[in-house]
Amino acid sequence: MGYYDKKCNELIEEYGLIRNDFIDSVQIHNIILGLLQQKCLKGRIALWGAGYNNSLTSHAAVLLTKYASCLQGVVCLIDSCKEIQGKEYFGHPIIAPEDIEKYNLDLVIISSRSSGESIKKSLEKFGLGIESLDIYQELRDRGIDIHYNFFEERSFYSELYDVRIEYEQAEDDKKADVLRKLIASYMHIKDFYYGIKYIDEYIENGYKESSLLAEFKEKLLNIIADVARKNSERKDDITIHYIDALRAIDVFDNENPGRYKVLKDYLKDSAVFKNIYSTAPTTYESMYSVTTGKMPFTENVYEDRFIFAPEEFPVMMEAIDRNYKINLYSSGEWRIIREDSRVNYVDQIHFTDKLWKMACDTAESSEKTFNYLYYPWELHFPLLCGFHRKKPVPMGFKDVGIVDMSEFIEGQLADCLDYVNLQLDYFKNIVADNGYTVIFSDHSQIVYDEEKCVPFFDYYNYPDRSTHCVMAIKGPGIEHKEYDEVASLVDFNRIFKDFIWERNYKLPERKIAQFQYYSTHNKAFRDVAEEKGLTDYIDGIAGFISKDYLYAVTNTGVKEVYRMGNHRDNIIDTPEGMAYAEEINNNYKIEFPKFLKLTY
11 MGYYDKKCNE LIEEYGLIRN DFIDSVQIHN IILGLLQQKC LKGRIALWGA GYNNSLTSHA
71 AVLLTKYASC LQGVVCLIDS CKEIQGKEYF GHPIIAPEDI EKYNLDLVII SSRSSGESIK
131 KSLEKFGLGI ESLDIYQELR DRGIDIHYNF FEERSFYSEL YDVRIEYEQA EDDKKADVLR
191 KLIASYMHIK DFYYGIKYID EYIENGYKES SLLAEFKEKL LNIIADVARK NSERKDDITI
251 HYIDALRAID VFDNENPGRY KVLKDYLKDS AVFKNIYSTA PTTYESMYSV TTGKMPFTEN
311 VYEDRFIFAP EEFPVMMEAI DRNYKINLYS SGEWRIIRED SRVNYVDQIH FTDKLWKMAC
371 DTAESSEKTF NYLYYPWELH FPLLCGFHRK KPVPMGFKDV GIVDMSEFIE GQLADCLDYV
431 NLQLDYFKNI VADNGYTVIF SDHSQIVYDE EKCVPFFDYY NYPDRSTHCV MAIKGPGIEH
491 KEYDEVASLV DFNRIFKDFI WERNYKLPER KIAQFQYYST HNKAFRDVAE EKGLTDYIDG
551 IAGFISKDYL YAVTNTGVKE VYRMGNHRDN IIDTPEGMAY AEEINNNYKI EFPKFLKLTY
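Residue numbering for the sequence shown follows this note's numbering, starting at 11 and increasing by one per position.
Calculated directly from the structure, the hints in this document are not laboratory data. Where a beta carbon is used, it is the ideal one built from N, C-alpha and C, also for glycine. Be aware that one or more of the hints could be misleading.
Said to hold, decoys possible - Calculated cross-link-like contacts (lysine to aspartate or glutamate; reagent style EDC-like; alpha-carbon spacing at most 20 Å):
1) Lys408 x Asp537
2) Lys207 x Asp363
3) Lys604 x Asp558
4) Lys191 x Glu225
5) Lys400 x Glu420
6) Lys218 x Asp187
7) Lys408 x Glu495
8) Lys438 x Glu374
9) Lys557 x Glu592
10) Lys557 x Glu495
11) Lys17 x Glu374
12) Lys607 x Glu313
13) Lys191 x Glu219
14) Lys401 x Asp236
15) Lys184 x Asp31
16) Lys227 x Asp210
17) Lys462 x Glu374
18) Lys378 x Asp275
Stated by the list, open to error - Pair by pair, the computed Cβ-Cβ distance ranges are:
19) Gly153 x Glu24: 47 to 57 Å
20) Gly101 x Gly342: 19 to 29 Å
21) Lys599 x Asn576: 53 to 63 Å
22) Asp187 x Ser242: 30 to 40 Å
23) Tyr355 x Tyr203: 56 to 66 Å
24) Lys245 x Pro103: 52 to 62 Å
25) Glu24 x Asp263: 39 to 49 Å
26) Asp151 x Lys131: 14 to 24 Å
27) Glu313 x Leu51: 27 to 37 Å
Could you put the whole structure together from the sequences, leaning on the hints where they help?
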């Protein structure tokens, strides 16, 4: 912990504005550790579910690494997907449920949030009375009902809402204490905007510790001012804000060209790429392209390809060669770069925690810094942030197109957009802002569609809800300009180098932006496709976007053409549709890799 961050934490502790009464990852870790020590130190153990997540961040990987000392008895993993049966995972064979009896198991560990009950039924069918340990059910039995992975800490955003409502509804004689708790809650995540807002409210109401909190506020603002002053003197830093799933339609005001709904303070001074598209509709697949400059079909990104060596990320490698200090701000479970001595890993979860920690680090650094901040929670499902007007309902990507969210999700997204916008504006005057800043998103998303309730795979022809993204760069020598050319995030490294290091303020010449959909792994999604006659769209799609048209080809041979801006009318049989399809077919080789084939 650096000087300024430590000084801030000591000040918060000195005035008793700490929160130690909520469930955090340490408490959950201790419960799980106790369960594993109690039940898993003897006998033959299996984990149910190898999963398609990056092998370093899946449930199975976390159990087999973080809790390895308790799981020496693991002999296999069980998975229903035939595509991965017969393979090995951390040295253990992946077997089919019907082969359980061959392994003489004593216990099966279940670590699925949503499929625990169905797994138990399968275990009853194939497991011949084998005992199970359902991690999420064990937590629920202890009053801990979490909507996120047990190894992540994301629940504090919901806690902030609960405490604020508790304050608003409190009896007069209890309001001061609850308001103090709310202030402490915001200090816990270094959200100074709302923390100070509620300190001012406390003082205005004349509560008993008003003078103490006024004193605290003055000292806190002095620390923040010191950090801001130090950073204002810096020039050569590079900061990348990777905002997962930020949609172009939520940023650009199409009714008022040249205006922006959010991020105005950044975009007004930036090169803004209005027609940049992701290479895929989901994080794993798109981020592979952003980092490596390769299309998703190049290799199977679900085989340990969401986390990269610095050498695979050209701009990071060049920053290392140019003697930048590399700082990566993300939660420990969502690191993008493999463990490497050249990278400083700063494990933070909340939006404001990351911004404050970066501000402190740059203020104290004698080196020029390359700062990469990854925000996977706030504008991606579950869409949680530090200020919600209504009680947030945590939903996952797996629920989109399955669960009716019409009553709440648009308001929840609006809250998150407001929060992200507000915090970036607030911290803009605290962080090192005289160098270069890049803001980008990796894909778009549905969020909610009043016309239909269908998962993401049916939005291949609707870029605003699948692949239309945001990217902007500001810094010395860059003038504000909106670039209307079609661009692709597969060129992220090249665009970055051209605008920042080469001072070549042009986008790569690219008339077509390609996207590639993988097979849909989620069985519930596949079931919906079966019910709604959409099975042609769940086993791979190749797409080609120009300024005027979108051409899509499915792995089953379906071919469609749409005019941009009209996702309803397939014009493949019209002269213009046939001409565009022919143009693509003549210039691109359309192939689907064998690894897309899934068999359940």
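How the hints compare with the structure:
Distance restraint check for lysine 408 and aspartate 537: the Cα-Cα separation of roughly 13 Å lies within the 20 Å cut-off, and the hinted pair is therefore satisfied. Taking the CA atoms of lysine 207 and aspartate 363, the gap is about 18 Å. The hint holds against a cut of 20 Å. Distance hint between lysine 604 and aspartate 558 is unfulfilled; the C-alpha atoms sit about 31 Å from each other, more than 20 Å. About 17 Å separates the Cα atoms of lysine 191 and glutamate 225, which keeps this hinted pair within 20 Å; it holds.
Pair hint lysine 400 plus glutamate 420 holds up; C-alpha atoms about 11 Å apart against a cutoff of 20 Å. Straight-line distance between C-alpha atoms of lysine 218 and aspartate 187 comes to about 10 Å, which keeps the hinted pair within the 20 Å bound. About 33 Å separates the Cα atoms of lysine 408 and glutamate 495, which puts this hinted pair outside 20 Å; it is violated. In summary, the hint linking lysine 438 to glutamate 374 is supported, as the alpha carbons are separated by about 17 Å, within the 20 Å threshold.
Distance check on the hinted pair: lysine 557 and glutamate 592 sit about 16 Å apart at the alpha-carbon level, within 20 Å; holds. Between lysine 557 and glutamate 495, the direct Cα distance comes to roughly 8 Å. Compliance with the 20 Å bound is thereby established for this hinted pair. At roughly 13 Å between alpha-carbon atoms, lysine 17 and glutamate 374 fall within 20 Å of each other, so this suggested pair holds. With a CA separation close to 14 Å, the supplied pair lysine 607 and glutamate 313 stays within the 20 Å bound.
Straight-line distance between C-alpha atoms of lysine 191 and glutamate 219 comes to about 13 Å, which keeps the hinted pair within the 20 Å bound. For the hint pairing lysine 401 with aspartate 236, the CA-to-CA distance comes to about 36 Å; that exceeds 20 Å, so the pair is violated. The hinted pair formed by lysine 184 and aspartate 31 meets the criterion: a straight-line CA distance of about 18 Å does not exceed 20 Å. For the hint pairing lysine 227 with aspartate 210, the CA-to-CA distance comes to about 9 Å; that is within 20 Å, so the pair holds.
Between the alpha carbons of lysine 462 and glutamate 374 the distance comes to roughly 52 Å, so the proposed pair goes past 20 Å and is violated. A distance of roughly 24 Å separates the Cα atoms of lysine 378 and aspartate 275; the hinted pair therefore is violated under the 20 Å criterion. Between glycine 153 and glutamate 24 the Cβ separation comes to about 32 Å, which falls outside the hinted range of 47 to 57 Å. A beta carbon spacing of about 23 Å between glycine 101 and glycine 342 agrees with the range 19 to 29 Å that was offered as a hint.
Taking 53 to 63 Å as the suggested C-beta distance range, the pair lysine 599 and asparagine 576 does not conform, at roughly 28 Å. In this structure the supplied range 30 to 40 Å holds for aspartate 187 paired with serine 242, their Cβ-Cβ distance being about 38 Å. Checking the proposed 56 to 66 Å range against tyrosine 355 and tyrosine 203 shows it is violated: the Cβ atoms sit about 27 Å from each other. Our hint of 52 to 62 Å for lysine 245 and proline 103 holds, since their Cβ atoms are close to 55 Å apart.
As the Cβ distance of glutamate 24 to aspartate 263 is approximately 45 Å, the hint placing it in 39 to 49 Å holds. Evaluation of the 14 to 24 Å hint for aspartate 151 and lysine 131 yields a pass: the beta carbon distance comes to about 19 Å. With their beta carbons about 31 Å apart, glutamate 313 and leucine 51 fall inside the hinted range of 27 to 37 Å.
Checked against the numbered hints given earlier, the structure breaks hints 3, 7, 14, 17, 18, 19, 21, 23 and satisfies all the rest.
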